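Residue numbers (the working numbering), protein chains in the order written: chain Z, 6 to 366; chain Y, 6 to 366; chain U, 6 to 366; chain V, 6 to 366.
Hints in this document: simulated from the structure, not taken from any laboratory.
All values reported here derive from a predicted model rather than from experimental measurement.
It is possible that part of the hints are untrue.
The list makes no distinction among identical chains, and a pair is therefore deemed to hold if it is satisfied within one copy or across any two copies.
[What the hints assert, rightly or not] Pairs of lysine to any residue, SDA-like flavour, derived with a Cα cap of 25 Å:
1. Lys169 with Leu215
2. Lys122 with Pro106
3. Lys348 with Glu55
4. Lys348 with Arg56
5. Lys169 with Thr199
Number of protein chains: 4
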Amino acid sequence: MVTSACVRVAVNGYGVIGKRVADAVALQNDMTLVGVADLVTDYRIRVAVERGFPVYAATEEGRAGMEAVGIPVAGTLDELLSQVDVVADCTPKKIGAENRPRYQAAGVKSIWQGGEKHEVAGYSFVAQANYAGALDRDSARVVSCNTTALTRVLHALHRHGWVKRARATLLRRATDPWESHMSGMINTVVPETTVPSHQGPDARTVMPDLDITTMAGAGPYNLSHIHFAMVETTRPVSLDELRRALEGAPRIAFVRASDGLVALNSVIELMRDLNRPRGDMWEVAVWEDALAVDDREVYVTFQVHNESIVVPETVDCIRALTGVERSAERSIARTDESMGIRKTFLSRSSRLAGSAMAGHA
Amino acid sequence: MVTSACVRVAVNGYGVIGKRVADAVALQNDMTLVGVADLVTDYRIRVAVERGFPVYAATEEGRAGMEAVGIPVAGTLDELLSQVDVVADCTPKKIGAENRPRYQAAGVKSIWQGGEKHEVAGYSFVAQANYAGALDRDSARVVSCNTTALTRVLHALHRHGWVKRARATLLRRATDPWESHMSGMINTVVPETTVPSHQGPDARTVMPDLDITTMAGAGPYNLSHIHFAMVETTRPVSLDELRRALEGAPRIAFVRASDGLVALNSVIELMRDLNRPRGDMWEVAVWEDALAVDDREVYVTFQVHNESIVVPETVDCIRALTGVERSAERSIARTDESMGIRKTFLSRSSRLAGSAMAGHA
Amino acid sequence: MVTSACVRVAVNGYGVIGKRVADAVALQNDMTLVGVADLVTDYRIRVAVERGFPVYAATEEGRAGMEAVGIPVAGTLDELLSQVDVVADCTPKKIGAENRPRYQAAGVKSIWQGGEKHEVAGYSFVAQANYAGALDRDSARVVSCNTTALTRVLHALHRHGWVKRARATLLRRATDPWESHMSGMINTVVPETTVPSHQGPDARTVMPDLDITTMAGAGPYNLSHIHFAMVETTRPVSLDELRRALEGAPRIAFVRASDGLVALNSVIELMRDLNRPRGDMWEVAVWEDALAVDDREVYVTFQVHNESIVVPETVDCIRALTGVERSAERSIARTDESMGIRKTFLSRSSRLAGSAMAGHA
Amino acid sequence: MVTSACVRVAVNGYGVIGKRVADAVALQNDMTLVGVADLVTDYRIRVAVERGFPVYAATEEGRAGMEAVGIPVAGTLDELLSQVDVVADCTPKKIGAENRPRYQAAGVKSIWQGGEKHEVAGYSFVAQANYAGALDRDSARVVSCNTTALTRVLHALHRHGWVKRARATLLRRATDPWESHMSGMINTVVPETTVPSHQGPDARTVMPDLDITTMAGAGPYNLSHIHFAMVETTRPVSLDELRRALEGAPRIAFVRASDGLVALNSVIELMRDLNRPRGDMWEVAVWEDALAVDDREVYVTFQVHNESIVVPETVDCIRALTGVERSAERSIARTDESMGIRKTFLSRSSRLAGSAMAGHA
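This is chain Z alone, in the form it adopts within the complex (with noise of 0.2 Å):
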C-alpha cells in the first residue's frame, strides 16, 4: 500500500475521459494531479495549460511537436511516470495496452479504460460491484461506459438475487461532441451484426455469475447512450421493490417525464442548469415513470452520459489499487461529495409532483 497520505496521480491522455479523470482527481483531498500527458498540439491540450495542469509530452517527437507551437512542456511521459503512484491510461484503444511495459518498467500502479481488454489489467472494475477484490492490485480496468451503465442497474438487482436472466438493447451514441464534424453519421442508425454484442459478455468480467445478452447499435447523436431493459426475474418482483432497488445503488438517479425529462436532451439540459463542469452526468439517469413490472420480469429505461460516467469509477479505482481506502463505501461516498454526484436531481417537492402527474397522465 502507498505509505504517503496523498496518493500521486498522473493522467496519460487528456481527451474526453482523460481531462475528466484529471479534474476529478484535482478535487480529491487524498490525491495530487503530478501531471497529464499527451501529444496533441490544439485547443484540447491548451485547456490543460488554462487549467494549469504540468503537461508532458507522451513521446519526445511529441514534446518537439509541442514546443513548437508554444504549449509549455514540463517534460516526457517517463518522466512524469518516475514520480508518480499510478497512473491513469485514457489513451485511445489499442494505445492503452502498448503502454503497459512502459508502466510496469516505471514500477507504477495503472488503471486501463474500457476501450482495453480485460485480460490487459487482469481485473474488471466498477466500484460498487467489486471494489474489494481490486485492493492493492497492481492494475485494473475501469470497465466501458455502457458496461459501467449496465452493472450498476443490474447489480441492483442481482445483489437481491432477482435477475433470472437480462436482455438489454443498447443505443449508443455515433460519436463525441468534440468530434461530431468529423467523425458522426446522418440520418440513420447502424446495428451491430455481432449478437450478443460484446457489452452482454463484459459484464461478466465485473459479475461472473449474471445471465445477460444485448443488442446493440448506433444512431445519429452524441449526447448519451441510451439502454432498454428487460430483465426477466427469479421471483414477481413488485414495482416498489425495483424503485427502492434502484434508489438503494450508488450513482443512479431517476429522472421523470412527468417533469418534462422526457429525453436524452432535456436531461442534459439539465445537467447544464444544474451547473454540472461541461454538462456532465456521472449518475445512470432511469426513467423512474417508465419502471414497469409484469409477473415474470421488470423493465428499465436509463440514460448513460459516455463521457463521464466511468470518471467516478476511476477515482474509487485508483483508492482500490493503492489501498489508501480500504471501503468501497467510504471511497464511493468520498468521491462522490467532491464531485457532486447525486442520488436526486429535484427536490423532493418535483418527486412528489413527478408521482402526481404522473398519477394523471
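Use these hints to put chains Y, U and V onto chain Z, whose structure you have.
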C-alpha cells in the same frame, strides 16, 4: 362478394400512405382506382393531378380551396364513395374513425390504417397471418408499419410453434421525410414511457396467442424504423432453421452487412439503385449476418420502411374484403408480382459472396 | 435615476434567455434579483427553486398549477413587479408585448428581448453601439441574438467609416437544445423566402445609417447560428486593420481552425472545457484564420451562441435604463468582469501557435 | 469526329456519379454503354450486374477480388478502353488524374469530373456555357456540382451583361446518403476557412470574365447543397426580368414555398413523387417566391442535387468531344428529352396557384 371482375377503389387521404396505395391499386389488373380524395392544396395533391388521378375534395370547403388555386376537382368524397366498392382510408390518425359513418352511409366496404384502433374495424389484418378471416367482411384495419413487420417476422416463427415469448425493442424514425423540416428532432432520443409499448399488444390483435412484449423509442432520423428482437423459443432452434423459416415467409428479404449493407441508409441506397418508386421497400429487411441463436432464443435485427411496408397489405385487404380473390397465397402473389416485391434483392452470386465474405470476417 | 445603490430586478419568463439573465443579474454587485416569474411546472422552473430564486406565478391560474405540484410560490407577477425597479421580459415572442400595460401600470422600467418589435420599446439596444441613448429611458429592447452579433461585428468596422455595404448570409440553428425532441428538423435546410431577411433591417434599428442586406436559412443543428459576412468597404482595408478593428471591439473573441477549432461543435467543446456555465459563449466567436480581404471588401465568418449572447447586453441595458452607471465602457467592463467574458479564449502561446500553424497550413 | 453513328462509352468508377452516368448513357440513342469499371465487391457493383451492365475490373488484383465473391467480370479496364471512343472517369478525387496516361495510351477521349483540377483536362465544361469550345477536343472536365449550378444560374444573367459582381454563400451537404453511416457530421456546421472558397474561382474556368466571390460551409444533412446568391448588377434588373432570364435558361426549374416546397426535403419529396430514378434532380431548383431585387442587385436562392446535377452535362460532354452533335442546343435537348429533365415540375395550374397563394402570403 363484388360481382364486378374489377373492384372499384377509392383512396381517401393522399398522404404518405395514400399516395402509395393509389399507385399500387392502379397497378392491379383486378382493380380500378376511381379517384383520390384530400383537402390539401400544395404540391402533394398536385402530384395526383400529374399522375392523372381524378382528385375529389374531402369536403365542400376543401373543394373551394382546391379550385381557388387551380386544382381540377372531380367532385366530393361522397360523390367518389357513390362510385366504388371499397375505400382505403389513409387519412391522419383519429380522422379515419370519424369517417366511418360516411362510409357506412355510402354502403362501401372500408379499410383503415394502423393509426386507428382495432375496434374501428373490428378486424386487424396482415395478409400472411389472417387473410381468410377478412374474407367478405365489411371492414378491416391494416395494422401499423411496426406491427406489420413484427407480425411478418414472428408469424414466420410462430407458425412452427417456436415462439415461447418474444421481446423486441423498436427504434422508430422521428418523422417522415416530407415533413422533416417542421416536425423532426435533433441530437436526441425519446424513449416511450409506456412499457410495454403499444406495438406488442397490437401484434396480438393479429396473433392473439402470441406472447410478446416490446419497448420503444424514437430517434433523429427519417429513413426507416429498426427492430431488435430477442425471441425465446420452445426448443433450441438452429441458425439454419431460423434462416429457412424467414426465407419461407412472404415479404421478408435478407440483407447482409457483408455486402456493404451495414445501416438503414445503405439499404435505402440499394432501393434507390434498384429503381424502386420513391426508394420504397415493401419487404421487411432482415440482416442475415446478424441472425443469431443460443440454446433458448433466437435474435433477429430488421429494418422497417414505414412509408411503404403496409401498402401491399392494403392491396391484399381490398381483395379479402371484396372476395375477388379467396386465396391468401394467390392474392399475395398477384400483389407482389405487380409491385415488384422480391424475396431476394441481389442475385445469387452475391448471396454466395455474402456468405463467403462473412466467412472471412 | 434609481436612488437605490442596488437596482431591484425582476425576470419575467424563466426560459432559455430568462434563466441566464437571472443568473447574470445575481452576479452583479449593483443589482438584486428579487424574483423570477413563469407558468411552467416542470424541471425548468424547479431549477429556479434549486437555485434559491424566489419563484412568482405569472397568473393566478399559474399559481394554482405550480402549487398543485409542490412548487413553492412567493406570489404573483404583479406582487413581484411592485417590489422592483426594472423587469427583464424574457417571455416568448408576442407575449412580451402583451405584458407592456402591466409593466406600465406597475410603474417599472422594462426591457424586452429581440422577439418583440422595435416599436414595443421604441429603442433597440446593443451596449457598445448605443448605450448612451438608453440612459434613463422607461424601456428598451435588447435586439435578437443574430442582430446583436451583426451589430457587434459591423459596428467594429462601421465606427471607422469602412462599411460601404454589408452583405451577410445567416444559417440559423433549427431550435434550442432543451426543445430539440419536439421542434427540430432532420436532414434538411429551410431557406427564408423573405429576402432580404429581417435581420438586416433590424440591425438598422441600432445603426440607422448602416447599409446592410441579409439572406437566411435554418439547418438541423442546435448549438449556435453561423454568419458569413461579405462587407464592401469604402476603401481597401488590410487584413491587419481588420484584425485590429475586431480585437478592439467588446465581446468579440477570435477562434482559430489552426487550434483545432474548426466547427460549431469544436468551439462549444472549448466553452465546456473552460467551465462556462451551460457551456455558454457570450462573445461572438470570429474565425481569425478565415478573415480575408480583397481590394474592395472584407470577409468575416462568425459563430453566434443564440442561447446566451444577449445576456450581457440585457445586464448593461438594466444599468442604462436605471442610470446607475452612465458610462457604456464601465458598464460593459463590470458585466464582463462579473460573468467572465473574455477577449481571448486561449493563452497567448496558443495565439502564436495558431499563427505559426496557419503559416504551415 | 467519331465516324460511328453510335458513340461507344466506358464509365470508369461506378460510384455516386458513375452509376448515374451509366444509366444516362444507356438512355441515349446515339451512344452505347460498353461497360463499367470499378474495384469494389459490395452491393454497389452488384447493382451493375443486376442492371445487366458488363462489369470490368479496374486492376488485375481487383479482378481477383471481384471473382472471389462471385461477381462476373467481363475483363479489365484496359480491355474495356480498347473497345470505346470515350471514357467518363467517375473515380474518386485525385485517382482520376492518375488514370490520364492510361486513357492516352488507349487513345480514347476522356472526361473527368469536378474533383479533378482544371489542368487535368485543360477545358472545364458546362453545356449551356461553352459546349462549342469542347467540340472535337481529346478531353474535358465536367465541373463540380456546385460550380455547375453557379454557372447555370449566373450564365443565365451574365449572357445579358447584367452581372457586375456575384457574391454567393454555399452550404454544402456533409456527405452523400450512401456513406452517411461512416462519414457524416452531427449537430454542427463546418465553415471553410479558405476565403473566397474554391467554387468562385472555379466558375471562372468556365466563365473567365465573371466577377465572383464565394464563401462556404458544410452542415449535417445529405440531401442537397443550398446556395444563397447576391448578384450586384450593372443596371437595375426587375423581378420580372430576373424571372424570365432564369426561365429562359436550360436545366433551371422553379420551385415555390407557396406550393409547400419550403425546404430541401420538400423538393426531394417532390422528386420522389415524380418517380425520378433515385429521387434525382438534374435541374437547379430556384425558389421563385424567394427571388428578390433592389436597385443594384438581385437575390437568388437555389438547391443543388449534388448526386445527379452533373450527369446531363457529362452526356453532353460526350457528344461535344466526339463531335456526333455539333449544336449545344440540340445536344441539351436530346439529353433532356431522354432523361426527363423539365423546365416545370408541376402543371401550369399549380404555377398560377403558386402565384395566387404567394399573393395572399
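Results for each hint:
Taking the shortest alpha-carbon separations for lysine 169 and leucine 215, both the intra-copy value of 8 Å and the inter-copy value of 22 Å come in at or below 25 Å. When the C-alpha separation of lysine 122 and proline 106 is checked against a cutoff of 25 Å, the pair qualifies only within one copy, where the shortest distance is 16 Å, while the shortest distance between copies is 49 Å. Within a single copy, lysine 348 and glutamate 55 get their C-alpha atoms only as close as 32 Å, which misses the 25 Å cut-off; across copies the closest is 15 Å, which meets it. In this assembly of identical chains, the alpha carbons of lysine 348 and arginine 56 lie at most 25 Å apart only when taken from different copies (18 Å versus 29 Å within one copy).
Proximity of lysine 169 and threonine 199 under a CA criterion of 25 Å is satisfied in both settings, with 23 Å inside one chain copy and 23 Å between copies.
When held up to the earlier numbered hints, the structure conflicts with none and fits them all.
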